[in-house]
Amino acid sequence: MKFYRSHILVGMDTSTVLAGAKEVEAHLLREIERQGLSDEVKVLETGSLGITNQGVVLLVYPEGCYYVNVKIEDVPEIVEEHLLKGRMVQRLLFKEKIKRGPAAIVLRESPLDIRRQSRVVLQNCGIINPEDIDEYIGRGGYEALEKALFQMKPQEVIKEVKKSGLVGRGGAGFPTGAKWEISAKIHSEKKYVICNADEGEPGTFKDRVIMEGDPHRVIEGMVLAGYAVGADKGFIYIRGEYALSIQRMKKAIEQAYKYNLLGSNILETDFSFDIEMRKGAGAYICGEETALIESLEGKRGEPRDKPPYPGTYGLWGKPTVVNNVETLANVPSIILKGADWFRSLGTRDTPGTKLYTILGHVMNQGVIEVETGITLREIVFDYGGGMRNNGEFKAALVGGAAGCFLGRDMLDVKMDYATLKSYKAVLGSGAILVMDNSACIVDMLKCILGFFRHESCGKCAPCRIGTDKLYRMVSEISTGMGTKDHPKLMLELVQMMNKASFCPLGQSVFLPLSSAFKYFEDEIMEHILNRRCPVGVCNVR
Amino acid sequence: MAQILESYKLKEMRKRILRKYLPKRDNLLYILHSLQDANPQNYITSEDVKAVAEYLGISVSEVESVISFYTMLSRKPRGRYIIKFCDSPTCHLLGGGKVLEEIKETLSIHVGETTKDGLFTLEMTSCLGACGVAPAMMINDEIYGNLTPSKAREIIESYKRRRK
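Protein sequence lines, in the order shown, are assigned to chains F and B.
Quick note on the numbering used here: the first sequence kicks off at 622 and runs consecutively.
Quick note on the numbering used here: the second sequence kicks off at 21 and runs consecutively.
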């Protein structure tokens, strides 16, 4: 094996590629060759390095320094100054909270979340080349599968996952082990595992980061799930818009087949498992598991009546386990390191880590993975770097469109499934959209209700008609045509939708609406009573 | 004459695409995706619908109902470049509205319409999952982020120039 004195990792995710990461990489290679450093410096592609919105990002080892906003013109300077002469290019360094210390420690952390981050799901993201299975294996990849196949019975795998307390990371928070057990207990010649990669919740892109940065982890999680429940076929239902994820997952599946980690008689055991990837066609509702199954069968993605749940009656009527990408990505580590280790992370009710996307009026937008039990204040001010332009924190929309507005007095509440539930709020997909005083709640509500109106599948009347009515009413409020009855009517309607809608889509409109009225009633009433938008965003006539 | 030739070409292409898939119901979405991608006007024609229904042994109305359900599938001719503008709360909060206005003005069309030269169709999408670089839009398979009104106009102008 060749020894390189320096490694340059080029972060390749959707945001850096569009900033020109490919071109920068090509220039780097050319420049390194021109300077005769090809035998000393290795350039590698990797997934997201954890910094978004800062153009092309490079990470150089052994120094462990990050360069951001790198342009093609900067490449000769980096090569000559840093690689040839050993002096860092100060003007391009990412200066936010760079931790000094041995490279190995910096390796595990990204600058956005430098302090208490404990990466499980993202442990390889930004470190390995996601298009090379050997790098995943080199960091302990597929060891969990080997352990399960040779040392554990399927029931033991389920027992371990149950003991770990892992709950689904897609939004509903259902215990994963229990879900598997339901399907495992049923005798059926055919069972399926579906990886739900139809990430559509507004403000969420954590699954994309996982798939772009460490696709093999998802595959390993799926195979383990298949082994546990006795399935021999898996589907990855992925968003049609996620071009890079589709490309990387596809490549990873091909590589896994080559290594006999997928296919028949995996690692020469009796266990066989195949994975097929299917592309979605742009419908938010297909994130709901029964709608997803309908879509996989080639039908309109309308949710099914529950029960029976997919665990007993799923794809083509067979027992089917549907898990979110992040959930599956947790499984290899649980099997490898054990449930006790997993339970040592996070809170008692929701052990482990959680991926959050921090967005909106904060200094640093991006994805973080931290142990559960973190407060909103820590997320916004420590990891998000505080408010942008010295703004004042006004609200956060937690959990995407089907989430809740949280006001200032909720800053110290822990952001995990159990705690938020006790406040009648949800964590959902982990999207945290932060707003300062320049945001108008009525305007945001209008955007959210417009979203629901568009994405309601039309199957049931409460949701189909309700979302349209709500959108019209909020539009009236925002244009100064609201009446004193509007809030009452809207809340009544949304409560009815919450009880009578067929699936979680219609039911969850209640969350953003009721929480907006709870924390920001004054602001909404100002639009109605005085026909005035206090922030000056709405076009009140 | 040219028209006849054109429709013959489309027919041959349709046959080729259908042959790639087994006549199974669960292949419906993928067949539709492929047919749409192969059409220079980015849509599914009435002939396509009929052929697919026949191939899979289902009714025409069933195929139509699936197409109308998914936003990525269209039954109307669309432009060569499809602009999907992100309408998520994140993009909205960070100034997406002004960018959208600028795009509408630059192209002189409303959402859902196609420019007269057949180059652009403007559509809204619920979330592109590119929230880290909001406001964002997608033109065909390319994502553009951190948009400002002037940046969006520049991008569209660059697509116009590609044609020449």
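Keep in mind that the hints were calculated from the coordinates and are not lab data.
Hints may contain errors.
[Stated by the list, open to error] Mimicking DSS-like on lysine-lysine, the simulated pairs with C-alpha atoms at most 27 angstroms apart in a straight line are:
no.	chain 1	residue 1	chain 2	residue 2
1	B	Lys44	F	Lys900
2	F	Lys871	B	Lys31
3	B	Lys44	F	Lys854
4	F	Lys900	B	Lys31
5	B	Lys29	B	Lys96
6	B	Lys44	F	Lys871
7	F	Lys900	F	Lys1080
8	F	Lys663	F	Lys872
9	B	Lys96	F	Lys1080
10	F	Lys900	F	Lys780
11	B	Lys35	F	Lys900
12	F	Lys1090	B	Lys35
13	B	Lys118	F	Lys920
14	B	Lys124	B	Lys96
15	F	Lys811	B	Lys70
[To be verified] Listed next, the stretches of chain F that the computed footprint assigns to chain B, with coverage defined by at least 3 CB atoms under 8 angstroms from CB atoms of chain B:
no.	stretch
16	817 to 827
17	857 to 867
18	974 to 984
19	1060 to 1070
20	1117 to 1130
21	1143 to 1149
Ideal Cβ placement from N, Cα and C applies to all residues, glycine included.
Against the structure, the hints come out as follows:
Restraint check: the Cα-Cα separation between lysine 44/B and lysine 900/F comes to about 16 angstroms, which is no more than 27 angstroms; the hinted pair holds. A hinted pair counts as satisfied when its Cα atoms are at most 27 angstroms apart, and lysine 871/F with lysine 31/B does not qualify at roughly 30 angstroms. Distance hint between lysine 44/B and lysine 854/F is fulfilled; the C-alpha atoms sit about 17 angstroms from each other, no more than 27 angstroms. Our distance criterion of 27 angstroms between C-alpha atoms is met by lysine 900/F and lysine 31/B, whose separation comes to about 25 angstroms.
Taking the CA atoms of lysine 29/B and lysine 96/B, the gap is near 19 angstroms; set against the 27 angstroms cutoff, the hint holds. About 22 angstroms separates the Cα atoms of lysine 44/B and lysine 871/F, which keeps this hinted pair within 27 angstroms; it holds. With a C-alpha separation of about 23 angstroms, the suggested pair lysine 900/F and lysine 1080/F falls inside the 27 angstroms cut-off, and the hint holds. At roughly 22 angstroms between alpha-carbon atoms, lysine 663/F and lysine 872/F fall within 27 angstroms of each other, so this suggested pair holds.
Proximity of lysine 96/B to lysine 1080/F is assessed by CA-CA distance (about 24 angstroms); at most 27 angstroms being required, the pair is judged to hold. With a C-alpha separation of about 33 angstroms, the suggested pairing of lysine 900/F with lysine 780/F is violated against the 27 angstroms cut-off. A C-alpha spacing of about 22 angstroms is found between lysine 35/B and lysine 900/F, which places the hinted pair at or below 27 angstroms, so the restraint holds. Proposed proximity of lysine 1090/F and lysine 35/B is contradicted: the alpha carbons are some 45 angstroms apart, above 27 angstroms.
Proximity of lysine 118/B to lysine 920/F is assessed by CA-CA distance (about 37 angstroms); at most 27 angstroms being required, the pair is judged violated. Between lysine 124/B and lysine 96/B the CA atoms are separated by roughly 20 angstroms; this keeps the pair inside 27 angstroms, and the hint holds. A C-alpha spacing of about 33 angstroms is found between lysine 811/F and lysine 70/B, which places the hinted pair above 27 angstroms, so the restraint is violated. Against chain B, the stretch 817 to 827 of chain F contributes 7 residues with a C-beta closer than 8 angstroms to a partner C-beta. That satisfies the three-residue criterion, and the hint holds.
Only residues whose beta carbon comes within less than 8 angstroms of a beta carbon in chain B count, and the stretch 857 to 867 of chain F has 5; three or more means the coverage holds. Counting residues of the stretch 974 to 984 of chain F whose beta carbon lies closer than 8 angstroms to any beta carbon of chain B gives 4, which reaches the threshold of three, so the coverage claim holds. Counting residues of the stretch 1060 to 1070 of chain F whose beta carbon lies closer than 8 angstroms to any beta carbon of chain B gives 5, which meets the minimum of three for the stated coverage. With 0 residues bearing a CB less than 8 angstroms from a CB of chain B, the stretch 1117 to 1130 of chain F misses the requirement of three and the coverage assertion fails.
Against chain B, the stretch 1143 to 1149 of chain F contributes 0 residues with a C-beta closer than 8 angstroms to a partner C-beta. That does not satisfy the three-residue criterion, and the hint is violated.
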